[in-house]
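> Take a look at the letters that make up each chain.
Protein chains: 4
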Amino acid sequence: MKKIKLAYVGGGSKEWAYVFMNDLALAEDLGGEIALYDIDLEAAKLNQTLGRMINNHPETKSQWDYEVYADLDSALQGADFVAISILPGTFQEMESDVHAPEAYGIYQTVGDTTGPGGVLRSMRTVPIYEEFARAIKRNCPSAWVLNFTNPMSICVQTLYDVFPEIKAFGCCHEVFHTQNFLCRVLFELKGVNVTREEIFTDVAGINHFTWVTEAKYQDIDLLGLLKEFMEKFPEGCNERGAVDAYRTDPFQSANLVKLDLFRRYGVLGAAGDRHLVEFMNPNWYLKDPEMIASFKFARTSVSLRIAKRERRIQNLLSLRDGKSPLEVKKSTEEAVDLIQALLGRKKIVSNVNLPNQGQMPGFPQGAIVETNAVFSHDSVRPVVSKPLPPLVQAMVLNHLYNLETLYQGIKTRDLQAIFRAFLQQPLCANLRIEEAKALFRTMIEATKAYLEPYFAVNSF
Amino acid sequence: MKKIKLAYVGGGSKEWAYVFMNDLALAEDLGGEIALYDIDLEAAKLNQTLGRMINNHPETKSQWDYEVYADLDSALQGADFVAISILPGTFQEMESDVHAPEAYGIYQTVGDTTGPGGVLRSMRTVPIYEEFARAIKRNCPSAWVLNFTNPMSICVQTLYDVFPEIKAFGCCHEVFHTQNFLCRVLFELKGVNVTREEIFTDVAGINHFTWVTEAKYQDIDLLGLLKEFMEKFPEGCNERGAVDAYRTDPFQSANLVKLDLFRRYGVLGAAGDRHLVEFMNPNWYLKDPEMIASFKFARTSVSLRIAKRERRIQNLLSLRDGKSPLEVKKSTEEAVDLIQALLGRKKIVSNVNLPNQGQMPGFPQGAIVETNAVFSHDSVRPVVSKPLPPLVQAMVLNHLYNLETLYQGIKTRDLQAIFRAFLQQPLCANLRIEEAKALFRTMIEATKAYLEPYFAVNSF
Amino acid sequence: MKKIKLAYVGGGSKEWAYVFMNDLALAEDLGGEIALYDIDLEAAKLNQTLGRMINNHPETKSQWDYEVYADLDSALQGADFVAISILPGTFQEMESDVHAPEAYGIYQTVGDTTGPGGVLRSMRTVPIYEEFARAIKRNCPSAWVLNFTNPMSICVQTLYDVFPEIKAFGCCHEVFHTQNFLCRVLFELKGVNVTREEIFTDVAGINHFTWVTEAKYQDIDLLGLLKEFMEKFPEGCNERGAVDAYRTDPFQSANLVKLDLFRRYGVLGAAGDRHLVEFMNPNWYLKDPEMIASFKFARTSVSLRIAKRERRIQNLLSLRDGKSPLEVKKSTEEAVDLIQALLGRKKIVSNVNLPNQGQMPGFPQGAIVETNAVFSHDSVRPVVSKPLPPLVQAMVLNHLYNLETLYQGIKTRDLQAIFRAFLQQPLCANLRIEEAKALFRTMIEATKAYLEPYFAVNSF
Amino acid sequence: MKKIKLAYVGGGSKEWAYVFMNDLALAEDLGGEIALYDIDLEAAKLNQTLGRMINNHPETKSQWDYEVYADLDSALQGADFVAISILPGTFQEMESDVHAPEAYGIYQTVGDTTGPGGVLRSMRTVPIYEEFARAIKRNCPSAWVLNFTNPMSICVQTLYDVFPEIKAFGCCHEVFHTQNFLCRVLFELKGVNVTREEIFTDVAGINHFTWVTEAKYQDIDLLGLLKEFMEKFPEGCNERGAVDAYRTDPFQSANLVKLDLFRRYGVLGAAGDRHLVEFMNPNWYLKDPEMIASFKFARTSVSLRIAKRERRIQNLLSLRDGKSPLEVKKSTEEAVDLIQALLGRKKIVSNVNLPNQGQMPGFPQGAIVETNAVFSHDSVRPVVSKPLPPLVQAMVLNHLYNLETLYQGIKTRDLQAIFRAFLQQPLCANLRIEEAKALFRTMIEATKAYLEPYFAVNSF
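Residue numbers (the working numbering), protein chains in the order written: chain G, 1 to 460; chain A, 461 to 920; chain Y, 921 to 1380; chain U, 1381 to 1840.
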């Protein structure tokens, strides 16, 4: 049995930590230490308690020493793996990120990746990631670093820019849902019932704006089935449930945007509709609440997120206190599988965010892109993706150059440069320049508690 | 004295032909045949008459045989140089190109390069240029081809796509005006009075959306003077005359857009403000007539163009009939100088539109770009331009991929593909997808007389 | 059970066919037709007989219809897979290829890939492959084409140049031996006993001149072990047997060249020493027989090949006649596994020859390179390789530009261009220009029976 | 009149300084200080004396203050231009560089750029240039730096690597001779008598291994004349004098190598034959003295260089002492013209060594290459060159990767890495690895006086 040390930065997580501890418990021939680090020490301790309870569960295969650290360096010291999943700021900042732009007619469905919300969140996140990168360099330079935090691209970019030799990559499960959707298409048209691991997709793009350029089950061309599928399901189709489930659960959708994009470009958007729409002209799918409803997806409000987390905390406390029974079961997440692959126990081909080193020809070298990669013995090698159609390539490149400008602006603490990237967000396209300035000013003011350590907020 | 044959396609021109014949008359040690070809034979004959009158003028240095041809092949047969300057369609089509989009809140200032007008004009132009390219290949494959027709980029692209060995380039004087503006800046701040030939500018971009990335007079950094210049001229400055001349002559402006872009990006747009604005977010400078006026530039209406041409025709007839005296004088155009350079009489470094072969690193190979080139003995070699700032690069790339999609769509006569390029025009950014479709339908319907030979107009 | 048609071009093979039929017999859930095509019809029929005998063997899992075709089109018609493994010309031509250069002090160890022998063999092969490509386009344009013929690179290049949409790739097992060698290293130094499938290697280069840039078993860096390994085995090490087995079997070696190259460049040549040496300065490892012996590898003479084949034919006839017992067993070849992967039954990451589409950044697009690729459902996607050291990159690039010149020369039947590529072969480096011409003349004369249909042999 | 400060590093030069001072004396509207710096202070003072004498000559147009500095920083302080032309080491080291390899059958014709001599000279030069770059950064970061020292490529590479913002370029007149040769071709075949400034050549490659890819006079294709020229002049042609002048002056040749290469590759080597041959297979033109003589070029021995310099010193002293009359006349060098161009008085298109930024597509970014560039107001912009034939590209790339390895080796003071670059020099191609090692050891030992401050010479 292999013993490893895994440092979990953001180990006080209410959502993903429990899922991850479950998957770790079911790992074969693996064990060691999980070093929980969080600025919310109590939250980390709760996960420690739950982790230890999981250790005692009869289904559990692997034992883990859950340790809580108050300082980052100790948590990272000698780690073999580092998982990072943090929330930069609080729901108060997120409230501004997501909802402040609504006063200007900007309806963000997610607000954490791109658009005004993505820019502001990046401003809070990058300075923290600069410190993470330096700490990893100091304490565990050979560790594999798995990033789960959004905005994904700029987090991974920060890690590589500060510590170029880092072995980091970014994991995101949005592509998985699109793969599930393709399995549904296969089932509906061919009666074949398979899981996403049983099909092959080639993906290319950037996180949350990734595209399936080829999809195959055996010799069946899954993208080739979509025309017939759209005729059969003119009202759309939700791979997770009812076609109108988005009304109560904004994380679901009818995939109508995805299909409309496929009709236009011939490639399939590989993220939830709520993500895809934020990267494009807002007058196409996000002009107003009616248009949004007509395409059968929904916005995630921060109040809903707050309520959801509150329920989650109650669930965790209930588990801790023995009021609800603790079950141990495998999730659909891949993190533990990727760790096993990096330990040399299997080869996995999956989508991942990495600096471009040839996997997306025609895109700038070093830009953070999302494509497939081969995960195996202590190695992650990207797979060359098929080319995107020119108009999609143009949209992706626009975001890459925006991101580059945004990153350099944050790195140099230059609010004017950051504003230039803000102005050129597709989601800000309907604003006059002066309106964009006013909105940016409002948003940095509303979140200044987290910005002032780094930026001269009042100077803008 | 060198004798050449120059075929002038569009030789019935009312504007540029007379200017060109003047410059030809003043060329040193040069002569030969000017083969005028035009679908308007009478117009070509008028120019022939004027040309012969110029031959007899005492200031004239070079004699030219002006011949009118009714068919293209004869005109091109054995030519050493070909100049192409045509109007695809009539003012009736242009009326639709420029003004139909106004019903959708799209205020085009020029309407012949990009945006909805540029797309429609391209649809009329590319099929004609396909024939030009084939005819050049048949009749004068070694000739140098100077293109003056807009939309410049797609005309040059068509020539190279149909006949890859062609020796063609596209000439545009928009950069000259920006150079004149920089001379004005130099004069205002340093008291130095020079002409544009006496400064150096590095340029990069695409036609009408070109950028000066470096400008020097001796060791004075002209871009470095702009901050002070903007402070001194907060109301703008028109290198051709009064700052509000745009009110009566829409070809002039106060350069406020150009300066605002410089403030944002640190590079200077190298075309008239009326051109630059059409390539960017319409909410920045073109949202409504008030915003346009506030930036001190104006729209060129087609009625104004018609009136202008009418006056021009009267002038030419008056010259022909001896009612007004014929003068022969050098223009500020470069065409004859470029011809002299290609004949090996001088070296010229000037801006030109050519397929990218390295002059704009980071841009697709083969895309038509505008940079400097060295013109000399039978050779045009592009000069590597300095890099554009990332956000400007993103805007230029967006147009290049749009153009690629548009060109392939026209080449394959595929209205759906053309519409995709139409939809993604920045000038169409404020439209919903259905609105864009309706506008496109209106515009192809309005200009169908010139489209139906090539496209199944009713099928869209 | 999936039924497929596999066309086997060169199906009269004495070596590989029997191995392949064994692997096919043991394939799971697979069956269909094996269409044997060979210019030696009798040889194909012998394989048909043997194939049918294998069908009757108790260990056999899959039944195959072995059909012999006298014409290529019928064999290919409707095929799902095409395997090509031919010998261009006879042993008489090979005798000239391999041994004629010895008169000039050129000691070829293989003589079928690069060097004078490789050039001559290419001249015989490319015209045949042009016809194969056209026939595949006509008869089975969607088939997957597996090439096994040498010279590998130029065969694959011909297929893609003639039919750009072809789904072809080239398979070679040389890398496997190097992987076995690395397993041996792991065993000798760490006592861990694994097979090549259990380690990971990143490979980059061209066929027979491929390099391992990274090799890992779990988190053990296998290349990092080589320094100690070289100290422990100063006399070299043969992963297949005794260190001096090369004395009797020239296909084996002590890997001393491979290790010497690793010492110099820090990456490990991933082909047999006998292949590697032919791509480099002949004064390093091939100056004379003594130097060759001192590095413990050997030359494969054609007489030895003839004797070997004679024995092989006797073995096959003996099997056919029931004089020796027929066994059915899995080989170490991968062809059937790759077919299973392409049918969607597994994912395989293995080395393969494909046009460069990003997998080797810094190398020309479209050049045939060998790297890893992911084989899965109807898809082969190359993996981006790690960069080669500059001096190795220079050697590989030299061969790629040589190959490009050679290919264009053969394609245009231009003996002068072919000679330019011949002259610049590293193996010809010790020749004066006139000597190179004389040798080339001798070699085309000696093999003219196979060249005259395509080249004006006497004109050189 | 413009006043400038020009720092002349190596200002004690016996050859180029006097020529340069003549050109400076004849410059229009220019004057200022020439800051002479040399480790041989007396030599600098001699040039100062001569410079002042030139000031007093009646033909002189510009007055210059010639100052001698004993330390580099003072000389550079505030300079507008820096010219660097030094001899790294003495003739004693050069004796080893050029002649030591002869014992191994390596006949170097120049021995200062590539091959064993070039490697050793680079080892002495790069550490000095590292200091130059740092001193320029300290004292005159905006100065234009003109390098004339060989090995040109690695000198320019060092300057840019140490101080990336430097405004440096490398000047070499070898291309001029080839242009003169082309003028001779034009005269011989067409009777047209022009100077090199009146033709156009496109050049591409690296210093001393540059190639003319296109040459035109008006519309006459000069490369197209070479076939006829070779027939007319089978014995070759020396643009500077008699065809066998090489017998007494090894700087001349009959251009037979250049023409042989043109016959093979279709492009014309743009350096003296004595330079070109050192970059290629030594068995083609340098196998032995007889072969060298048969191609009508010669080796420059160091004893000849010593004798030549001795005569030169006598001439200078004779001028100083008034024993021979001082004349002031314009040379054929371009340095002063380039300075005038950079001051904005003219535009010049000429060949220059610069980091690749697009001017040679398909070659590594940042590698030092030689192409045309436009020199104008405070700006040097490279011109995109036409592609080289694949086999020439391969030879040039080989040298670029060699240079990269050599430079990194010297930068990190790593003798093993340097040896790897030494071994892979084409001029070392006939050596066994052990012979190459022995020769390298001999050469570093012979020149260790200049190497020991930087390298652990005995450790190899």
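Worth double-checking, as some hints may not be accurate.
Claimed, not checked - Calculated lysine to aspartate or glutamate pairs in the DMTMM-like style (CA-CA distance at most 20 Å, straight line): (1) A:K897 x G:E435; (2) Y:K1267 x G:D414; (3) Y:K1266 x G:E435; (4) Y:K925 x G:D219; (5) G:K167 x Y:E1354; (6) G:K437 x A:D720; (7) G:K346 x G:D29; (8) U:K1727 x A:D838; (9) Y:K934 x Y:E962; (10) Y:K922 x G:D71; (11) G:K386 x Y:E1354; (12) U:K1385 x A:D500; (13) Y:K1207 x U:E1815; (14) G:K347 x Y:E1354; (15) G:K5 x G:D71; (16) Y:K1266 x G:E197; (17) A:K627 x U:E1815; (18) A:K687 x G:D414; (19) Y:K1250 x Y:E962; (20) U:K1726 x A:D720; (21) U:K1727 x A:D720; (22) Y:K1087 x G:E435; (23) U:K1517 x A:E657; (24) A:K807 x U:D1403; (25) A:K789 x A:E519; (26) Y:K922 x G:D414; (27) G:K347 x Y:E1247; (28) U:K1667 x Y:E1354; (29) U:K1383 x U:D1403; (30) A:K846 x U:E1815; (31) U:K1727 x U:E1577; (32) A:K807 x U:E1545; (33) G:K3 x Y:D1139; (34) A:K462 x A:E895; (35) U:K1709 x U:E1439; (36) A:K597 x U:E1545; (37) A:K747 x A:E895; (38) U:K1727 x A:E519; (39) A:K747 x G:E198; (40) G:K167 x G:D414.
Bear in mind the hints are in silico, worked out from the structure with no lab data behind them. Treat the numbers as computed from the prediction; the structure is a model and nothing was measured.
> Run every hint past the structure and note whether it holds.
Results of checking the hints against the structure:
At most 20 Å may separate the alpha-carbon atoms for a hinted pair to count; K897 of chain A and E435 of chain G exceed this at roughly 29 Å. A distance of roughly 47 Å separates the Cα atoms of K1267 of chain Y and D414 of chain G; the hinted pair therefore is violated under the 20 Å criterion. Proposed proximity of K1266 of chain Y and E435 of chain G is contradicted: the alpha carbons are some 55 Å apart, above 20 Å. Of the supplied pair hints, the one linking K925 of chain Y and D219 of chain G holds, its CA atoms being roughly 14 Å apart against a limit of 20 Å.
Restraint check: the Cα-Cα separation between K167 of chain G and E1354 of chain Y comes to about 54 Å, which exceeds 20 Å; the hinted pair is violated. Distance check on the hinted pair: K437 of chain G and D720 of chain A sit about 14 Å apart at the alpha-carbon level, within 20 Å; holds. This hinted pair checks out: K346 of chain G and D29 of chain G have alpha carbons roughly 13 Å apart, not beyond 20 Å. Straight-line distance between C-alpha atoms of K1727 of chain U and D838 of chain A comes to about 19 Å, which keeps the hinted pair within the 20 Å bound.
Of the pairs offered as hints, the one joining K934 of chain Y and E962 of chain Y holds, with about 11 Å between alpha carbons and a cut-off of 20 Å not exceeded. Restraint check for K922 of chain Y and D71 of chain G: not satisfied, since their Cα atoms lie roughly 58 Å apart, outside the 20 Å limit. With a C-alpha separation of about 47 Å, the suggested pairing of K386 of chain G with E1354 of chain Y is violated against the 20 Å cut-off. Between K1385 of chain U and D500 of chain A the CA atoms are separated by roughly 63 Å; this puts the pair beyond 20 Å, and the hint is violated.
For the proposed pair K1207 of chain Y and E1815 of chain U, the alpha carbon gap of about 13 Å is at most 20 Å, so the pair holds. Restraint check: the Cα-Cα separation between K347 of chain G and E1354 of chain Y comes to about 54 Å, which exceeds 20 Å; the hinted pair is violated. The hinted pair formed by K5 of chain G and D71 of chain G meets the criterion: a straight-line CA distance of about 16 Å does not exceed 20 Å. A hinted pair counts as satisfied when its Cα atoms are at most 20 Å apart, and K1266 of chain Y with E197 of chain G qualifies at roughly 10 Å.
A threshold of 20 Å between alpha carbons decides the hint, and for K627 of chain A with E1815 of chain U the separation of about 53 Å lies outside it, so the pair is violated. For the given pair, K687 of chain A sits about 19 Å from D414 of chain G by alpha-carbon distance, which is consistent with the 20 Å threshold. At most 20 Å may separate the alpha-carbon atoms for a hinted pair to count; K1250 of chain Y and E962 of chain Y exceed this at roughly 26 Å. Distance hint between K1726 of chain U and D720 of chain A is unfulfilled; the C-alpha atoms sit about 32 Å from each other, more than 20 Å.
For the hint linking K1727 of chain U to D720 of chain A, the alpha-carbon distance of about 31 Å lies beyond 20 Å, and the restraint is violated. Distance check on the hinted pair: K1087 of chain Y and E435 of chain G sit about 53 Å apart at the alpha-carbon level, beyond 20 Å; violated. A threshold of 20 Å between alpha carbons decides the hint, and for K1517 of chain U with E657 of chain A the separation of about 33 Å lies outside it, so the pair is violated. Restraint check for K807 of chain A and D1403 of chain U: the C-alpha separation of about 24 Å exceeds 20 Å, so the hint is violated.
The suggested pairing of K789 of chain A with E519 of chain A holds, with an alpha-carbon distance near 8 Å, which does not exceed 20 Å. A C-alpha spacing of about 62 Å is found between K922 of chain Y and D414 of chain G, which places the hinted pair above 20 Å, so the restraint is violated. Among the hinted pairs, K347 of chain G with E1247 of chain Y is inconsistent with the structure: their alpha-carbon atoms are about 33 Å apart, more than 20 Å. Only pairs whose Cα atoms come within 20 Å are accepted, and K1667 of chain U paired with E1354 of chain Y is accepted, the gap being roughly 13 Å.
Taking the CA atoms of K1383 of chain U and D1403 of chain U, the gap is near 16 Å; set against the 20 Å cutoff, the hint holds. The suggested pairing of K846 of chain A with E1815 of chain U is violated, with an alpha-carbon distance near 47 Å, which exceeds 20 Å. Straight-line distance between C-alpha atoms of K1727 of chain U and E1577 of chain U comes to about 13 Å, which keeps the hinted pair within the 20 Å bound. In summary, the hint linking K807 of chain A to E1545 of chain U is not supported, as the alpha carbons are separated by about 30 Å, beyond the 20 Å threshold.
Restraint check for K3 of chain G and D1139 of chain Y: the C-alpha separation of about 12 Å stays at or below 20 Å, so the hint holds. Taken as a hint, the K462 of chain A and E895 of chain A pair is broken in the structure, with Cα atoms around 57 Å apart against an allowance of 20 Å. Under the criterion of a C-alpha separation no larger than 20 Å, the hint pairing K1709 of chain U with E1439 of chain U is consistent with the structure, at around 8 Å. In summary, the hint linking K597 of chain A to E1545 of chain U is not supported, as the alpha carbons are separated by about 47 Å, beyond the 20 Å threshold.
Under the criterion of a C-alpha separation no larger than 20 Å, the hint pairing K747 of chain A with E895 of chain A is consistent with the structure, at around 17 Å. Taking the CA atoms of K1727 of chain U and E519 of chain A, the gap is about 30 Å. The hint is violated against a cut of 20 Å. Simply put, K747 of chain A and E198 of chain G have alpha-carbon atoms about 51 Å apart, too far for the 20 Å limit, and the pair is violated. Restraint check for K167 of chain G and D414 of chain G: the C-alpha separation of about 29 Å exceeds 20 Å, so the hint is violated.
Going down the numbered hints, you'll see the structure goes against 1, 2, 3, 5, 10, 11, 12, 14, 17, 19, 20, 21, 22, 23, 24, 26, 27, 30, 32, 34, 36, 38, 39 and 40, while the others check out.
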